[in-house]
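**Student:** Sequence:
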Amino acid sequence: MNINGGARIIVFPEYGLYGLGWTRQTIAPYLEVVPDPNIQKWNPCDKPALYISTEVQHTLSCIAKHSFIYVVANMGARLPCMRSSSKCPVDHQYQYSTNVVYGPDGDFLARYFKYNLYTEEKHFDKPQKVDLTTFETPFGRFGTFSSLDIFYYDPAISLIEKMNITNIAFPTAWSDELPLLSAIEFHSAFAVGMASNFLVANLHLPTIGYHGSGLYWPWDTSVCAVYYYNDSLASSGYLVVDTVKACAPSQDFITRRPSGSKSRLKYESPNHLEMFEAIINGDSFTAISLTSSYGAFNVCQHELCCNLEYEGEFAPGELFALGAFDGMHTKEESYYLQACVFIKCANISKESCGVSTKESLSYMSKMSFFGNFTSKYVLPEVLTSQNGVQGLEPQTWSYGGALIIDVGLNGGPLSISLLSIDYLRDV
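Start counting the sequence shown at 1; every next residue gets the next number (full-length UniProt numbering).
If you're looking for bench data, these hints aren't it; they were derived computationally from the structure.
A couple of the hints might just be wrong.
Straight-line C-alpha distance at most 20 Å; calculated SDA-like pairs for lysine to any residue [as the list claims (entries may be wrong)]:
no.: 1; residue 1: Lys-122; residue 2: Pro-29
no.: 2; residue 1: Lys-65; residue 2: Cys-81
no.: 3; residue 1: Lys-331; residue 2: Arg-425
no.: 4; residue 1: Lys-350; residue 2: Arg-425
no.: 5; residue 1: Lys-126; residue 2: Pro-89
no.: 6; residue 1: Lys-129; residue 2: Ser-158
no.: 7; residue 1: Lys-129; residue 2: Tyr-118
no.: 8; residue 1: Lys-41; residue 2: Thr-134
no.: 9; residue 1: Lys-376; residue 2: Gln-301
no.: 10; residue 1: Lys-87; residue 2: Pro-127
no.: 11; residue 1: Lys-358; residue 2: His-204
no.: 12; residue 1: Lys-122; residue 2: Cys-88
no.: 13; residue 1: Lys-350; residue 2: Tyr-294
no.: 14; residue 1: Lys-358; residue 2: Ala-234
no.: 15; residue 1: Lys-126; residue 2: Arg-83
no.: 16; residue 1: Lys-358; residue 2: Leu-319
no.: 17; residue 1: Lys-358; residue 2: Gly-282
no.: 18; residue 1: Lys-122; residue 2: Lys-65
no.: 19; residue 1: Lys-376; residue 2: Ser-349
no.: 20; residue 1: Lys-129; residue 2: Ile-157
no.: 21; residue 1: Lys-376; residue 2: Glu-303
no.: 22; residue 1: Lys-366; residue 2: Met-275
no.: 23; residue 1: Lys-65; residue 2: Pro-80
no.: 24; residue 1: Lys-122; residue 2: Gln-93
no.: 25; residue 1: Lys-162; residue 2: Thr-134
no.: 26; residue 1: Lys-126; residue 2: Gln-93
no.: 27; residue 1: Lys-41; residue 2: Leu-117
no.: 28; residue 1: Lys-87; residue 2: Leu-117
no.: 29; residue 1: Lys-41; residue 2: Leu-132
no.: 30; residue 1: Lys-87; residue 2: Lys-129
no.: 31; residue 1: Lys-87; residue 2: Lys-122
no.: 32; residue 1: Lys-65; residue 2: Ala-49
no.: 33; residue 1: Lys-65; residue 2: Pro-138
no.: 34; residue 1: Lys-129; residue 2: Thr-119
Build out the structure end to end from the sequences listed, making use of the hints.
**Tutor:** The following block contains the structure:
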């Protein structure tokens, strides 16, 4: 394997070695004993016989050594347990989804057992305690975790707040879930909200909705992003390579600004708005429909109120909605969420607000968007349609308590949202 482009670290996807669709029994033959590198120093490429049946670890170590690169990969580990233990599974071994890290000399540096599992991951066990896994490089200190971990305080926020980690290697198997949980959308929002350099490697299986890998890092009060997103069924995977650095603002928006657009937002909210329920990513939002290309509106649910001012041009036949949610998100994963969302509806019916759509011909020139969130953790999302393909809008917006658009978006707006996960409720 030859790594080109001068890369110094490479991250492989979760389930990238095995694929999906396992049971506990079918995956068992492919699992390896993965020792604790803090107890036993080991170079699997140089000493493959130190542990038996470690072909995967030997291969990954040699990739790192021969390419002189840091390698982060996800694999399956087994850990034999005592039959007398009440917690020992019936097959007498724990099975863990495991991130492994190797240095450019092939040394085994770090091991992370995935702590938060999806309900369908019954082939793996949840560790009894969380690992806060870090590793050192000449270009910074890194932490690593996977997929569902991102929604919980441990290990994600603990690494950032307790260990002062600002670089994260994130192998994931992430299935797109519009309008709020597209891979590139949510991962770029996490980078901004958590002020972290986020290296994301996702599976590329567009036939079942897995796609979207990238490098995301904060830039001032916005985001820089280099990513690959291609949901074409015939598309192939792609190695995203770039240097995390300060990036210059895009100037493409200048040609997108419509002539005669107003320079100030001076609109009054209507006295009477018809509110409706919008099911968005499985949650019941209180919403209002937006038919005017400009205005000032607010909507509340429970203790949360969302305030929106905007001006732009809505394309004929396109409907947007402003929504608020304050409660437990329980679809697949469970966490307390407050969310303010401005979304493109799938068609002109209110019932379609929250239904997945990838088309938007409208234009957003200016916006001020904020909510009275109770948690300090707020993830700002901006996702647009760029010739019918999802895209991000680096450097065309800022977030500092309010999401501000003042120079116009390049693509048609799909979702402009503020997601506040109350991580501390899980602690």
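**Student:** Quickly compare the C-alpha distance for Lys-376 and Ser-349 to 20 Å and report which way the hint goes.
**Tutor:** 35 Å, violated
**Student:** With a cut-off of 20 Å on the C-alpha distance, tell me whether Lys-129 and Ile-157 pass.
**Tutor:** 15 Å, holds
**Student:** Given the proposed pairing of Lys-350 with Tyr-294, does the C-alpha separation stay at or below 20 Å?
**Tutor:** It holds: about 19 Å lies between the C-alpha atoms, which stays within 20 Å.
**Student:** Check the hint pairing Lys-162 with Thr-134 against an upper bound of 20 Å on the C-alpha distance.
**Tutor:** Answer holds: Lys-162 to Thr-134 is near 12 Å, not above 20 Å.
**Student:** Holds or violated: Lys-126 and Arg-83, Cα atoms, limit 20 Å.
**Tutor:** 18 Å, holds
**Student:** Between Lys-122 and Pro-29, does the CA-CA distance stay at or below 20 Å?
**Tutor:** Distance of about 16 Å is within 20 Å: holds.
**Student:** With a cut-off of 20 Å on the C-alpha distance, tell me whether Lys-65 and Cys-81 pass.
**Tutor:** Distance of about 32 Å is beyond 20 Å: violated.
**Student:** Verify the proposed pairing of Lys-358 with Gly-282, using a straight-line Cα cut of 20 Å.
**Tutor:** Holds, at about 18 Å.
**Student:** Please work out if Lys-376 and Glu-303 have their alpha carbons no farther apart than 20 Å.
**Tutor:** Holds - the C-alpha atoms of Glu-303 and Lys-376 are around 15 Å apart, at most 20 Å.
**Student:** Could you grab the alpha-carbon distance between Lys-358 and Ala-234 and see if it respects the 20 Å cut-off?
**Tutor:** 18 Å, holds
**Student:** Mind checking the alpha carbons of Lys-122 and Gln-93 for me, to see if they're no more than 20 Å apart?
**Tutor:** Judged against 20 Å, a Cα distance of about 14 Å means the pair holds.
**Student:** Next pair to validate is Lys-41 with Thr-134; report whether the Cα-Cα distance is within 20 Å.
**Tutor:** Measuring from Cα to Cα gives roughly 16 Å; hence the hint holds.
Of the numbered hints stated above, those contradicted by the structure are hints 2, 4, 18, 19, 22, 23, 27, listed in ascending order.
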